[in-house]
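Trainee: Turn these sequences into a full structure, and let the hints steer you where they fit.
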Amino acid sequence: MIFAVISGFLSAALLPLFSKINKNLVPKVYPFVPLGIFVYLLYLMPSVLQEGSLMWNYPWVPSFGVDLVFRLDGLSLLFGLLITGIGTLVFFYTSYYLKGDEYLDRFYGYLSMFMAAMLGLVFSDNLICLFVFWELTSISSFFLIGYKNNDPSSRKSALTALGITGFGGLVLLAGLIWMGFVSGTFSFTELITTPEVFREHSSYIWIVVMVFVGAFTKSAQFPFHFWLPGAMKAPTPVSTYLHSATMVKAGIYLLARFTPILGGTAIWQETLIIVGGITMLFAAVHSLFRTDLKSILAYSTISALGILVFLLGVGTQDALLGAGLFILTHALYKATLFLITGIIDHETGTREVTRLAGLQKVMKPVAFAGYLAALSSAGVPMFLGFISKEIMYEGVFHSSSLAWVLTAALVITKVILFVAGFWVGVKPFSGNLPAEYQKVHLPNPLLWVPPCILAVLCLLFGVLPAVLDGFVQAVFISLVPEAPEIHLAIWHGFNWILGMSLVTLALGFGLYLFFKPSTNLILKTQTFDNLSPINIAESGGRIFKAFAWKWTGFFQNGYLRNYVITILLFLTVLAGYRLYDGVDIHLDWNQISQITPSEFLVVVLMVASIFFALITKTRTGVIVALGIVGLANCLFFLYYSAPDLAMTQFSIDTLTVLLFMLVLVQLPRNRSFSSRKVRLRDGFLSLMFGSLIAILALEVFEAPSYTEVSDYYAENAYILAKGKNVVNVILVDFRGIDTMVETVVLVIAAIGVFSLLNLNLNPFKKN
Amino acid sequence: MELLLIFIIGLLHAAGIYMLLRRSMFKMIIGLIFLGNGVNLLIFLLGRLVKGKPPVIDEASKVFTDIYADPVPQALILTAIVIGFGLQSFAIILIKRVYKVLETDDLDELNSTDEEI
Numbered sequence: 001m002i003f004a005v006i007s008g009f010l011s012a013a014l015l016p017l018f019s020k021i022n023k024n025l026v027p028k029v030y031p032f033v034p035l036g037i038f039v040y041l042l043y044l045m046p047s048v049l050q051e052g053s054l055m056w057n058y059p060w061v062p063s064f065g066v067d068l069v070f071r072l073d074g075l076s077l078l079f080g081l082l083i084t085g086i087g088t089l090v091f092f093y094t095s096y097y098l099k100g101d102e103y104l105d106r107f108y109g110y111l112s113m114f115m116a117a118m119l120g121l122v123f124s125d126n127l128i129c130l131f132v133f134w135e136l137t138s139i140s141s142f143f144l145i146g147y148k149n150n151d152p153s154s155r156k157s158a159l160t161a162l163g164i165t166g167f168g169g170l171v172l173l174a175g176l177i178w179m180g181f182v183s184g185t186f187s188f189t190e191l192i193t194t195p196e197v198f199r200e201h202s203s204y205i206w207i208v209v210m211v212f213v214g215a216f217t218k219s220a221q222f223p224f225h226f227w228l229p230g231a232m233k234a235p236t237p238v239s240t241y242l243h244s245a246t247m248v249k250a251g252i253y254l255l256a257r258f259t260p261i262l263g264g265t266a267i268w269q270e271t272l273i274i275v276g277g278i279t280m281l282f283a284a285v286h287s288l289f290r291t292d293l294k295s296i297l298a299y300s301t302i303s304a305l306g307i308l309v310f311l312l313g314v315g316t317q318d319a320l321l322g323a324g325l326f327i328l329t330h331a332l333y334k335a336t337l338f339l340i341t342g343i344i345d346h347e348t349g350t351r352e353v354t355r356l357a358g359l360q361k362v363m364k365p366v367a368f369a370g371y372l373a374a375l376s377s378a379g380v381p382m383f384l385g386f387i388s389k390e391i392m393y394e395g396v397f398h399s400s401s402l403a404w405v406l407t408a409a410l411v412i413t414k415v416i417l418f419v420a421g422f423w424v425g426v427k428p429f430s431g432n433l434p435a436e437y438q439k440v441h442l443p444n445p446l447l448w449v450p451p452c453i454l455a456v457l458c459l460l461f462g463v464l465p466a467v468l469d470g471f472v473q474a475v476f477i478s479l480v481p482e483a484p485e486i487h488l489a490i491w492h493g494f495n496w497i498l499g500m501s502l503v504t505l506a507l508g509f510g511l512y513l514f515f516k517p518s519t520n521l522i523l524k525t526q527t528f529d530n531l532s533p534i535n536i537a538e539s540g541g542r543i544f545k546a547f548a549w550k551w552t553g554f555f556q557n558g559y560l561r562n563y564v565i566t567i568l569l570f571l572t573v574l575a576g577y578r579l580y581d582g583v584d585i586h587l588d589w590n591q592i593s594q595i596t597p598s599e600f601l602v603v604v605l606m607v608a609s610i611f612f613a614l615i616t617k618t619r620t621g622v623i624v625a626l627g628i629v630g631l632a633n634c635l636f637f638l639y640y641s642a643p644d645l646a647m648t649q650f651s652i653d654t655l656t657v658l659l660f661m662l663v664l665v666q667l668p669r670n671r672s673f674s675s676r677k678v679r680l681r682d683g684f685l686s687l688m689f690g691s692l693i694a695i696l697a698l699e700v701f702e703a704p705s706y707t708e709v710s711d712y713y714a715e716n717a718y719i720l721a722k723g724k725n726v727v728n729v730i731l732v733d734f735r736g737i738d739t740m741v742e743t744v745v746l747v748i749a750a751i752g753v754f755s756l757l758n759l760n761l762n763p764f765k766k767n
Numbered sequence: 001m002e003l004l005l006i007f008i009i010g011l012l013h014a015a016g017i018y019m020l021l022r023r024s025m026f027k028m029i030i031g032l033i034f035l036g037n038g039v040n041l042l043i044f045l046l047g048r049l050v051k052g053k054p055p056v057i058d059e060a061s062k063v064f065t066d067i068y069a070d071p072v073p074q075a076l077i078l079t080a081i082v083i084g085f086g087l088q089s090f091a092i093i094l095i096k097r098v099y100k101v102l103e104t105d106d107l108d109e110l111n112s113t114d115e116e117i
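Protein chains in written order, with the UniProt record's numbering: chain A, 1 to 767; chain B, 1 to 117.
Simulated from the structure, these hints should not be mistaken for lab results.
Think of the CB as a built atom: it goes at the ideal place given N, C-alpha and C, for glycine as much as any other residue.
Errors might be hidden in some of the hints.
Stated by the list, open to error - One-sided excerpt, in silico: chain A residues whose CB lies under 7 Å from chain B:
1. Tyr640
2. Ile693
3. Asn725
Claimed, not checked - Now the in silico label distances, taken between C-beta atoms and shown as ranges:
4. A/Leu25 x B/Glu109: 54 to 64 Å
5. B/Glu109 x A/Pro152: 34 to 44 Å
6. B/Ala60 x A/Tyr712: 19 to 29 Å
7. A/Asp584 x B/Ala60: 39 to 49 Å
8. B/Glu109 x A/Ile536: 41 to 51 Å
Mentor: Here is the structure:
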């Protein structure tokens with residue numbers, strides 16, 4: 001099982017190697033990866049139907065409770081089959097659709113990666129693994145949407161999609177971790193046994209909100225729906241695969257999975273009904289105002305996703321069954337419609353529905369697939385769409401007290417989707433063929449066979465629903481644990497539901513006849529663009545970017561001294577805050593030594609030189625002052641029992657002054673660069689910092705000192721190292737290696753100095 | 001005396017920081033040296049001041065018989081002075097080169113990185 005999941009990643013990772021060997025072989029070989037997994041899943045199907053679910057366990061990070069546990073039950077099997085089945089068709093379709101494309105091999109890499117991530121997502125039994133795969137699908141989707149990477153709008157759409165789904169993913173992660181904390185486990189199988197843990201927990205509402213944000217962003221629910229139409233910038237196979245059949249349903253999958261765990265409460269069900277209801281109506285109406293085939297499909301897909309969320313919200317057994325069946329139905333007919341849109345685009349060069357007609361004369365099999373898919377989408381009897389619609393109506397009709405309102409909303413949506421389906425599946429093929437398309441011909445079978453297969457399945461399952469019985473039963477059980485036995489039937493008898501179906505068909509057909517797609521309609525809707533969520537999100541993004549720019553510019557301004565100021569200010573404020581309560585210092589006056597006149601003189605000399613160095617305008621003056629400060633320092637060392645230091649300081653000080661004199665004295669006078677205000681600010685800050693250091697020094701000074709280390713060195717200097725000058729012994733004996741390394745540092749500095757002096761910049765510089 | 005030293009340490013730190021914040025590279029180096037001096041004195045002070053008792057053992061004996069100044073801070077400072085010198089000399093030569101090439105001492109005029117020099 002693990003191989004089935006990771007084989008997609010493997011084939012993506014091996015792709016560079018593979019395409020080096022023979023680039024043209026990639027499209028011929030890669031479709032067999034999803035095909036193999038599809039067959040494997042079909043092989044597992046009987047045992048799933050028999051046992052309910054299969055588990056595979058691979059330890060990964062056991063210390064965090066994160067294991068690669070794969071669970072195959074009805075729902076994940078349904079998704080797995082869709083992912084690999086439609087995946088296989090899309091892989092084959094692409095090999096011709098993008099034939100000759102420079103980066104075709106790369107495209108297959110992304111597709112394989114996506115497929116693997118999606119399989120991992122639906123098979124994971126562990127919440128954290130689920131999240132990892134969830135984000136992987138967002139990332140691969142980003143690459144696929146932005147596949148035409150030299151098109152700016154394509155890049156922008158990819159970024160929008162990644163931004164929205166990535167944001168949702170992070171919120172979801174927070175929710176999942178929270179769930180783990182509340183229940184103590186990340187395993188679905190264990191969570192499902194104790195749903196009451198969550199419903200009674202005080203943070204239930206937050207968990208639910210986070211899961212909702214994750215699912216709604218992924219499944220393009222209002223008000224996060226706007227990334228999906230943009231994602232249609234991707235090549236059509238991607239739209240087919242990711243943005244109608246599989247990835248966008250991941251949110252639905254998540255909601256369906258969590259319904260037994262988190263669902264059943266008013267907040268869960270009603271939110272889903274409201275969000276799903278708004279999405280399905282809003283998007284359905286929007287699809288009527290589009291003339292681009294892919295845009296129509298995008299909005300009708302969002303609408304279908306809305307229906308699924310809505311059904312999960314309604315939550316009656318029939319509604320859930322309808323949702324499960326509709327996932328399959330929708331994937332079949334919508335993928336078909338997308339694929340034929342791709343063919344139309346490929347052959348005629350346009351996707352404008354207003355310009356297309358009569359193509360059935362030149363591409364019969366494609367038209368055949370389009371008609372079947374449109375009929376299934378409309379829910380005409382003898383098609384799978386009819387059965388799922390019946391069950392759906394049944395479930396909603398027998399729900400709560402507001403059933404009439406909900407049913408009406410669903411019927412209206414279905415009527416509009418009827419029209420949208422017909423616009424894509426019927427309109428381009430019927431009527432008179434315009435002269436410009438007379439020369440259009442049927443493409444390679446690799447293009448038209450996949451939609452035909454899917455379209456035939458729509459019909460086959462509609463005529464013989466009994467073949468799906470066992471499978472749909474398994475899906476039903478994973479949605480509703482105590483599900484009754486079901487039998488799908490073509491005919492449910494004369495009742496209200498059939499009446500509504502007929503009304504839907506009649507209204508839909510009427511609307512299709514009288515309402516024609518037109519570009520004028522789009523223009524009318526643009527008045528409201530300022531209020532649309534995409535604009536709100538975009539301006540949010542702009543504000544955030546401007547803020548980030550200012551924030552970064554403020555702190556990372558490129559001026560070294562500003563960094564120093566920030567650090568010092570922070571330090572001073574932080575340490576100063578501690579001193580705010582007052583400084584508690586008890587000086588032991590016996591500890592303080594007397595001041596002799598000569599020492600006092602040195603202090604005065606030092607203070608005077610420091611101030612002189614600060615105010616003098618001449619460079620020489622500063623250097624002289626510097627020398628005096630060093631020499632005064634040297635005298636301190638001498639007074640207080642540090643002859644070695646005094647000698648070192650003396651020689652180093654002399655050397656520094658000499659070096660300064662030699663190197664810098666030839667250079668021009670100091671200029672005053674900064675204004676009075678800046679100097680005052682710096683002066684104030686320096687004084688603050690100086691006082692802070694002085695106070696800290698005082699505090700440390702009055703604390704008792706520990707001399708174990710010094711005593712050890714002093715006592716053993718002669719005994720162990722045969723030296724009487726303890727400082728020397730420490731440097732060359734006890735810490736001899738340190739001193740050696742120090743010498744190395746000096747050598748490096750000397751090499752630096754030497755090479756800088758001899759550096760001949762730009763030896764080839766002319767004139 | 002210790003209090004006066006603490007005052008000087010504070011002053012050296014303040015002067016060092018003030019010079020470090022100047023735009024002139026020359027002044028930056030001076031600031032660096034002041035800071036170094038201030039820190040050295042601080043370490044020295046924290047080893048406690050002892051007058052006229054260097055940490056050198058008498059000719060005649062093998063261990064200290066009298067009190068003595070703490071040798072560890074002294075060893076530390078000695079190292080610091082020498083390393084400080086390495087740093088200073090490198091910095092001095094470096095700004096000399098910068099002067100020569102760009103004819104400026106102003107840090108703010110060094111803001112292009114890839115310019116042909």
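Trainee: Would you list, in rising numerical order, the hints stated earlier that this structure does not obey?
Mentor: none
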